[in-house]
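I would like the entire structure built from these sequences, with the hints used as guidance.
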Amino acid sequence: MSDTRPKPFLLQKTVLAGLCYVALCLGLLAHSRHERLSLVQPTRSALVREMLCPEQPPADVLFLGSSRTARGAIPEVFEQRYEELTGERVRALNLATLGRSKHINYLTLVEYLSAFPPPKAVFLEVGQLDRTEHAHDLTARFMSPADVLRVLWRAPYRARTRERSQELTANPPGNAFDSFFLYLERCFANVDLAMEGLGRGPEDEAFALYCRARNAWAGLLGGAGAGRSRFEAAFEGLQSPYASEVIESSDADLSQQIRDRGWYQVKTTGNYYQKGKAHLDEWDRTLNGDSAFRRTKMPVDYTLPGRYLATILYTKAFVDLCQRHGIRLIQVEIPGFLDDAMSNSQIAYYRRKGELYQPPDRVVLAKENFADVNHLDEEGAKKFTRALAQLLAKPPRR
Amino acid sequence: MSFNSTTFIVFFLVVFFAYWAVSRTVRLRFALLFVASCVFYMSWNPKFVVLLFISTALDYYVGAAIHRTENVARRRFFLCLSLTGNLALLGFFKYFNFFLESFHALLRSLGLGHTEAFVPWDIVLPVGISFYTFQTLSYTLDIYRRKLEPVDSILKFALFVAFFPQLVAGPIVRAADFLPQLEEPARYDDGAAGRGVFLIMAGLIKKVALADTIGLYLVEPVFRAPGEFGPIQIVMAVWGTLFQFYLDFSAYSDIAIGAAACLGYRLPINFDRPFLSQDLAEFWRRWHISMTSFFRDYVFISLGGTRCRTAKIVRNFFITFVLVGLWHGAGWNYVVWGVLIGIPMMVRVFMRQPTEEERAARSLFGRVWRRAWVFNFHALAIMIFRNGTVAEGNRGIEGTLNMLASLADFGGHTARLNPLGLRALALAAVIHFAPKAWVHVARDRFTRLPVLGQAGVMVLVTGCLSAMAYEQAPFIYFQF
Numbered sequence: 001m002s003d004t005r006p007k008p009f010l011l012q013k014t015v016l017a018g019l020c021y022v023a024l025c026l027g028l029l030a031h032s033r034h035e036r037l038s039l040v041q042p043t044r045s046a047l048v049r050e051m052l053c054p055e056q057p058p059a060d061v062l063f064l065g066s067s068r069t070a071r072g073a074i075p076e077v078f079e080q081r082y083e084e085l086t087g088e089r090v091r092a093l094n095l096a097t098l099g100r101s102k103h104i105n106y107l108t109l110v111e112y113l114s115a116f117p118p119p120k121a122v123f124l125e126v127g128q129l130d131r132t133e134h135a136h137d138l139t140a141r142f143m144s145p146a147d148v149l150r151v152l153w154r155a156p157y158r159a160r161t162r163e164r165s166q167e168l169t170a171n172p173p174g175n176a177f178d179s180f181f182l183y184l185e186r187c188f189a190n191v192d193l194a195m196e197g198l199g200r201g202p203e204d205e206a207f208a209l210y211c212r213a214r215n216a217w218a219g220l221l222g223g224a225g226a227g228r229s230r231f232e233a234a235f236e237g238l239q240s241p242y243a244s245e246v247i248e249s250s251d252a253d254l255s256q257q258i259r260d261r262g263w264y265q266v267k268t269t270g271n272y273y274q275k276g277k278a279h280l281d282e283w284d285r286t287l288n289g290d291s292a293f294r295r296t297k298m299p300v301d302y303t304l305p306g307r308y309l310a311t312i313l314y315t316k317a318f319v320d321l322c323q324r325h326g327i328r329l330i331q332v333e334i335p336g337f338l339d340d341a342m343s344n345s346q347i348a349y350y351r352r353k354g355e356l357y358q359p360p361d362r363v364v365l366a367k368e369n370f371a372d373v374n375h376l377d378e379e380g381a382k383k384f385t386r387a388l389a390q391l392l393a394k395p396p397r398r
Numbered sequence: 399m400s401f402n403s404t405t406f407i408v409f410f411l412v413v414f415f416a417y418w419a420v421s422r423t424v425r426l427r428f429a430l431l432f433v434a435s436c437v438f439y440m441s442w443n444p445k446f447v448v449l450l451f452i453s454t455a456l457d458y459y460v461g462a463a464i465h466r467t468e469n470v471a472r473r474r475f476f477l478c479l480s481l482t483g484n485l486a487l488l489g490f491f492k493y494f495n496f497f498l499e500s501f502h503a504l505l506r507s508l509g510l511g512h513t514e515a516f517v518p519w520d521i522v523l524p525v526g527i528s529f530y531t532f533q534t535l536s537y538t539l540d541i542y543r544r545k546l547e548p549v550d551s552i553l554k555f556a557l558f559v560a561f562f563p564q565l566v567a568g569p570i571v572r573a574a575d576f577l578p579q580l581e582e583p584a585r586y587d588d589g590a591a592g593r594g595v596f597l598i599m600a601g602l603i604k605k606v607a608l609a610d611t612i613g614l615y616l617v618e619p620v621f622r623a624p625g626e627f628g629p630i631q632i633v634m635a636v637w638g639t640l641f642q643f644y645l646d647f648s649a650y651s652d653i654a655i656g657a658a659a660c661l662g663y664r665l666p667i668n669f670d671r672p673f674l675s676q677d678l679a680e681f682w683r684r685w686h687i688s689m690t691s692f693f694r695d696y697v698f699i700s701l702g703g704t705r706c707r708t709a710k711i712v713r714n715f716f717i718t719f720v721l722v723g724l725w726h727g728a729g730w731n732y733v734v735w736g737v738l739i740g741i742p743m744m745v746r747v748f749m750r751q752p753t754e755e756e757r758a759a760r761s762l763f764g765r766v767w768r769r770a771w772v773f774n775f776h777a778l779a780i781m782i783f784r785n786g787t788v789a790e791g792n793r794g795i796e797g798t799l800n801m802l803a804s805l806a807d808f809g810g811h812t813a814r815l816n817p818l819g820l821r822a823l824a825l826a827a828v829i830h831f832a833p834k835a836w837v838h839v840a841r842d843r844f845t846r847l848p849v850l851g852q853a854g855v856m857v858l859v860t861g862c863l864s865a866m867a868y869e870q871a872p873f874i875y876f877q878f
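Chains as they are written, first to last, in this note's numbering: chain A, 1 to 398; chain B, 399 to 878.
Keep in mind the hints are simulated off the structure, nothing from the lab. As the structure is a computational prediction, the values presented were derived from the model and not from experiment. One or more hints might be untrue.
Capping the alpha-carbon separation at 30 Å, the derived lysine-lysine pairs in BS3-like fashion look like this [as the list claims (entries may be wrong)]:
id, chain 1, residue 1, chain 2, residue 2
1, A, LYS367, A, LYS275
2, A, LYS383, A, LYS120
3, A, LYS120, A, LYS353
4, B, LYS834, A, LYS13
5, B, LYS554, A, LYS7
6, A, LYS394, A, LYS383
From the derived model, a few chain A residues whose C-beta atoms are all more than 10 Å from chain B [stated by the list, open to error]:
id, residue
7, PRO57
8, VAL90
9, ARG328
10, PRO360
Residues on chain A that point at chain B, a partial pick, calculated with CB under 10 Å [as the list claims (entries may be wrong)]:
id, residue
11, LYS7
12, TYR21
13, VAL22
14, LEU24
15, LEU28
Backbone N, C-alpha and C fix where the C-beta goes; we use that ideal spot for every residue, glycine too.
Structure representation (structure tokens):
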């Protein structure tokens, strides 16, 4: 005779599947939080926080953007040129750092305004930074299953450790300079995800805790030497809430530059710089103005639903925030060498939103002004910064 | 708390485990389900739960009063009390502004009254009021017709009205179908629960992956600016609209039926592949079945149905379809839509209907073109509906006429449709027209999967859908 008694409720198949579903969801949630945390690049955020600390004097002019702005706007040059033109002394602060999206720039400005009086003007980078496909934009758009696979496969889950990042920096995927940038951008999109997922408040604390634990573990495993024991190294690691940078070996140098003067340039002797220059030479040989324009002008259309959602939302948020605080917001297209021409639709969009500055050809165009196709070198940055000071010295057009 | 939200998934899991944990105590399980249903309803607007209580109390006591007396006049009085009470609530919250505006317009057209524009009253439409009003009405009507005994406990009746899977957007459950289930002992059926989970997954896919995608990428751009698109694109968008409505609403019904099945209750099916219909009467037997059967049983047949003179049958159809239109919304475009979909039914009265043998003997071509005609007729009608409900600017009939004019405009259109919307439409069509056996095979395969396999599929589906969701779009039928 077979046993006809029913199974207990908790042992029924669908119930077990439901419980497994809950467990899997919780596990995945925890895992995704962990992944996101491990990808946030904290040193830059930490440096910005230090620059925003209330002991610093307030600034009259802020620069916000990605590495293009970080390398393309020099505060001292701006201050000097502005004084020459108007006789007025101002303090400029470059809060842009590598890989920063519009979201993070917005949060930076919010943070700044919570600690200081509103500045006179904000120069906000637009263009390439707004075209970056942030991970959540991509998944939300879901143009095809291939998009989702691409996000999962290529980025952002690729470089979870410093060693792997260095390896990728030395050997960019497919040895293509652009694909490395694409990779990098997608990686940094995780900063946005982390911010969104965790909220601004707990993000700092949770991440700091994570970093302390990771640094302590690293110290315990291999931090001995130079007269200190493994435990001392672990204790030292435990005190540091910041993880290390991933870009090149000159990260300490970059950090020092930002700390000292608020902007940075990569070392001209470094591998990164050499590759950039080589790429620049190649473009200069193979492209002219027209062909480059055709090649790089992207069919960006901000009116398409579901695309560029973050850009649209945060542009509006920026405009509103600046209006509320009486700040002059100048949207700036940071020059690229034969690269990233904005589409008419983009230009029209930014103009509708407010003031847009597109540098004329005579300001910067020569190859000599660039460190690579995306970034100005120091000379180019000086020229460009002077143009920005000139722009601010003039009253805004009504 | 919409079905397509993480909040609902968490809520449902909690209710599911709690319900089966207390299922041995009858009153406790009913109380738990009722409280959960109230929480579910209050997540939209807490104060409107009072309306739900009023409607419940009114029909519970009126139902008992009708049953107690044999006096015809008294029975009629109590029925009228129930009808007046329920329809007054519905009329005020749903139709007051519409009637006031129409009256205002009438006075103006007669040169009487004020000349300034009508300013509507600030009345919020309580979610699901059209659905639960019909449910409570079906209870008193069935008691009045002596088809149903009144329920012995107000808790059971309150649960019938507020049962959360079907509270907000149906299916409209008849008291005679649901109340007897409350008398059955609660016995967990794992097969039914497995099939319920499958239905919930299928509903979520229909809603998030198909209906919302078609709406966002195909329908919305065209309805927003029809002049920018060519005739073929407009036709695709109109087809897309009909599919979007079908997918959106049938998804809700699927999730409702699935959730109820997990809790051990059976809800009636609401959609049965309506675009396979070969005539308009068949369409209404396959589309929103619980609503059409309600109108058939309580309005059309009450008016005399088809057992009367031809002129009266036509009148009965006319009244029924105008009410169907008005049930969907307070606006002249709904009335026009109701009349439009009713006209072919009225015309049918004068035509000889094919026998079952003749229908079976139809050639493939005959079947296909009849289906195409039914589909396109409803696609045309849905333009009026869509322009009046969810399109920007609520352009109603005028918007529909503009779209029809654009169908004849072949020149100089620059806008292009997003291929994603077209792909979703194609996929929706494949799923709809696929043989039913395929769905059963998929369902059986899912329920036969090992525990971890089932959990994996659930994680995959909900994970992918949450990644896909551009924004959490509400179900279209919430506004009815």
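Of all the hints given earlier, name the ones this structure violates by number, lowest first.
-> Per hint list: zero violations.
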